[in-house]
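Colleague: Could you slot chain B onto chain P? The hints should help.
2 protein chains.
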Amino acid sequence: MPKPRPIQILPIGHIPEIRPGDNLPRILLAAAKKSRLSFQQYDILILAQKIISKSENRLIDLTTITPSPRAIDLAAASDADHRKDPRLIEVILRESRRVVRDHPVLIVETHHGFVCANAGIDQSNVPGETVVSLLPKNPDASAKKIAQALLKLTRKKIAVIISDTFGRPWRLGLTNVAIGCYGVPPLVDLRGTRDTHGKPLHATIIATADELAAAAGLAMPKSASTPAVLIRNFAYKSSTEPATKIIRPAPDDLFR
Amino acid sequence: MPKPRPIQILPIGHIPEIRPGDNLPRILLAAAKKSRLSFQQYDILILAQKIISKSENRLIDLTTITPSPRAIDLAAASDADHRKDPRLIEVILRESRRVVRDHPVLIVETHHGFVCANAGIDQSNVPGETVVSLLPKNPDASAKKIAQALLKLTRKKIAVIISDTFGRPWRLGLTNVAIGCYGVPPLVDLRGTRDTHGKPLHATIIATADELAAAAGLAMPKSASTPAVLIRNFAYKSSTEPATKIIRPAPDDLFR
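Chains P and B, in that order, are what the protein sequence lines are. Under my numbering, the first residue of the first sequence is numbered 2, with each subsequent residue one higher. Under my numbering, the first residue of the second sequence is numbered 2, with each subsequent residue one higher.
Hints are computed from structural coordinates only; laboratory data are not their basis. Idealized CB from N, CA, C, for every residue including glycine. One should not assume that every hint holds.
[Stated by the list, open to error] Some chain P residues well away from chain B (every beta-carbon gap over 10 Å; in silico): (1) Asn24; (2) Gln41; (3) Gln42; (4) Leu60; (5) Leu63; (6) Ile66; (7) Asp74; (8) Arg98; (9) Arg102; (10) Ala142; (11) Thr155; (12) Arg172; (13) Ile206; (14) Ala216; (15) Arg233; (16) Arg257.
[To be verified] DSS-like, lysine-lysine: derived pairs with alpha carbons at most 30 Å apart: (17) B/Lys238 - B/Lys200; (18) B/Lys138 - B/Lys246; (19) P/Lys35 - P/Lys200; (20) B/Lys145 - B/Lys35; (21) P/Lys200 - B/Lys35; (22) P/Lys158 - P/Lys238; (23) P/Lys200 - P/Lys34; (24) B/Lys34 - B/Lys200; (25) B/Lys200 - P/Lys35; (26) P/Lys158 - P/Lys34; (27) P/Lys246 - B/Lys85; (28) P/Lys138 - P/Lys238; (29) P/Lys200 - P/Lys146; (30) P/Lys238 - P/Lys146; (31) P/Lys138 - B/Lys200; (32) P/Lys157 - P/Lys146; (33) B/Lys146 - B/Lys157; (34) B/Lys158 - B/Lys238; (35) B/Lys153 - B/Lys138; (36) P/Lys246 - P/Lys145; (37) P/Lys200 - B/Lys85; (38) P/Lys157 - P/Lys145; (39) P/Lys85 - B/Lys246; (40) B/Lys200 - P/Lys85.
Extracted from the complex, chain P is given alone in its bound form:
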C-alpha cells in the first residue's frame, strides 16, 4: 500500500503590509514565489481576516466617530479591567444586529450573523493609534473573488478560507475559525454513513472549514507576519457553499 501523502500546512512568508486597494491575489503569488512555494491544484488558501479588511479598506479611525448615548452608557458600565473607548463601542454597535451579552465583554451578533466578541473589531496589526479594523462586509464574497482571481492567474483551482480567531463559551482560548469560504465545504455531513461496525453515525456533521482554519492557525501566530497559509493534500469535494452556513440558526441555538 502506498504511504498516503501527509496533509501539509505551509505558511506563506514575505507578505508586505497590505494597504487599501491592494491586489491581494497578485501579492500572494509573489509572496509564495519568494517563499519558494507554488500553488497547486486543490490547495486550500487560508487568509487572516486582517489582510482582507485592509485591502477592502474596512478600517475606521476612531477620531472620526461620535459615540451614541447607548455606546457611552455601555462604556460607563464596563469593568475597569475591560474599560472600552465609547467610540470603539459605537463602531461595534454599528457592525452588530444584536447584543448577546454586554458584561463584562461585549458579545454581539454581527450583521453577517457571527456571534463573537466586539464584532470581530480589533486594534492589533493595524497602523495608527486610533485605527481599528472591521470584519470584511461579505467574507464569502471576498473568498470567492480571490479564488476566481487565482484561477485566472494560475489556471489552478485554489479553495479560499477567510479566517479569524474567535472565543467560545465553555472553553478558554481563541481558535481560528472560518468566516468566509469558497471552494471547500464549510460543513461535511457524515450522517447516513456507517461506522467501522456498520452502525449508522448520528449527529455527525463536521465543521470542516473551521478545522482547516484551526490547522492554519497553528502556522499563524498573531504576532508574526504570516497572514496566509496553504493546506495541501487535504481531500475534499468542491463546494460553493458559504461559511455563513456554519452559523447555527438562532431559533435552534440554546445559548444566545
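Modeller: Relative to chain P, chain B alone:
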C-alpha cells in the same frame, strides 16, 4: 533564508480494533511501522478518545443499567427526533455533575468539567448493539501515561493529546478538541507580546491544543479507522499543564 519545514499531519494506519487492557503504546508503534512512519522527537500524537476508552474498558452495556426516575422523565420529555433510551440517559447522568440544557439535546457538565452533549458518550465505533463508550476517567492522566510509555520505548519525547469531537454554541458542526494532553501547552498566552506595529496584543490566548486536535481531525474522518495522527514540525514549548486548563471556570462563563 531556508524554506521552513511545513507542519505535517500524518495519519497512522493499521490500528487494529482496540480491546480492554490492550497496550496502546506498543500497538501504536507497530501500526506506525506498518504505515512506514517513525516517531520523531517532539512529534505530537493525537489519539481519538474512543481507543483510549476501549483500552481502559470505559464501556458499558446498557442491558446492565436500571434507569432512575429522573432518567425516565428526561427520556419521556425528549423530542421524537431526539428520543433517547432511558438507560443511556441514566449513564449520561452518572457521568455528569450538572445538566446544562435538557431539551432538545442533553448538554451536561461532565465530572471532568467539560460541557458537551451526552457527556461524550456515544454508540458509534463500539462493537455490540447495546454497548456505549464513556470518556476516559482522567484523559490528562491517560495522555501522560502514553507519553511516558512512548518515551521508554522510543527514547523520544512525544507529546500526546486525547481528542474528541464536540459541538459548540453559535456554530454548527463538530470540531475535534483536546480533552487530555501531556507535553504540549493546552493554551498559549500571547499577552504581553506585541503585534507587527509594536502595539500590545490584548486578549490573545490561543487554544493551541484544540487547534492541534482540529488539525488532526482533518485526517480522522469518523467513519474510517484512523484514530491516531501525528503532527510534525509544530514548534512548541514543552508543558505539563493539563487539558482541563482549557475549561472556562464556571463563574466566568456567560453561557452556562
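Colleague: Are the hints correct? Go through all of them and say.
Modeller: Verification of the supplied hints:
no. : hint                : in the structure
1   : Asn24               : holds, 21 Å
2   : Gln41               : holds, 13 Å
3   : Gln42               : holds, 17 Å
4   : Leu60               : holds, 13 Å
5   : Leu63               : holds, 14 Å
6   : Ile66               : holds, 19 Å
7   : Asp74               : holds, 19 Å
8   : Arg98               : holds, 14 Å
9   : Arg102              : violated, 5 Å
10  : Ala142              : holds, 20 Å
11  : Thr155              : holds, 19 Å
12  : Arg172              : violated, 5 Å
13  : Ile206              : violated, 5 Å
14  : Ala216              : violated, 4 Å
15  : Arg233              : violated, 8 Å
16  : Arg257              : violated, 7 Å
17  : B/Lys238 - B/Lys200 : holds, 24 Å
18  : B/Lys138 - B/Lys246 : holds, 16 Å
19  : P/Lys35 - P/Lys200  : violated, 50 Å
20  : B/Lys145 - B/Lys35  : holds, 25 Å
21  : P/Lys200 - B/Lys35  : holds, 27 Å
22  : P/Lys158 - P/Lys238 : holds, 12 Å
23  : P/Lys200 - P/Lys34  : violated, 48 Å
24  : B/Lys34 - B/Lys200  : violated, 48 Å
25  : B/Lys200 - P/Lys35  : holds, 27 Å
26  : P/Lys158 - P/Lys34  : holds, 18 Å
27  : P/Lys246 - B/Lys85  : holds, 28 Å
28  : P/Lys138 - P/Lys238 : holds, 27 Å
29  : P/Lys200 - P/Lys146 : violated, 42 Å
30  : P/Lys238 - P/Lys146 : holds, 20 Å
31  : P/Lys138 - B/Lys200 : holds, 25 Å
32  : P/Lys157 - P/Lys146 : holds, 14 Å
33  : B/Lys146 - B/Lys157 : holds, 14 Å
34  : B/Lys158 - B/Lys238 : holds, 12 Å
35  : B/Lys153 - B/Lys138 : holds, 24 Å
36  : P/Lys246 - P/Lys145 : holds, 15 Å
37  : P/Lys200 - B/Lys85  : holds, 16 Å
38  : P/Lys157 - P/Lys145 : holds, 14 Å
39  : P/Lys85 - B/Lys246  : holds, 28 Å
40  : B/Lys200 - P/Lys85  : holds, 16 Å
Consistency with the previously given hints fails for numbers 9, 12, 13, 14, 15, 16, 19, 23, 24 and 29, ordered from lowest to highest.
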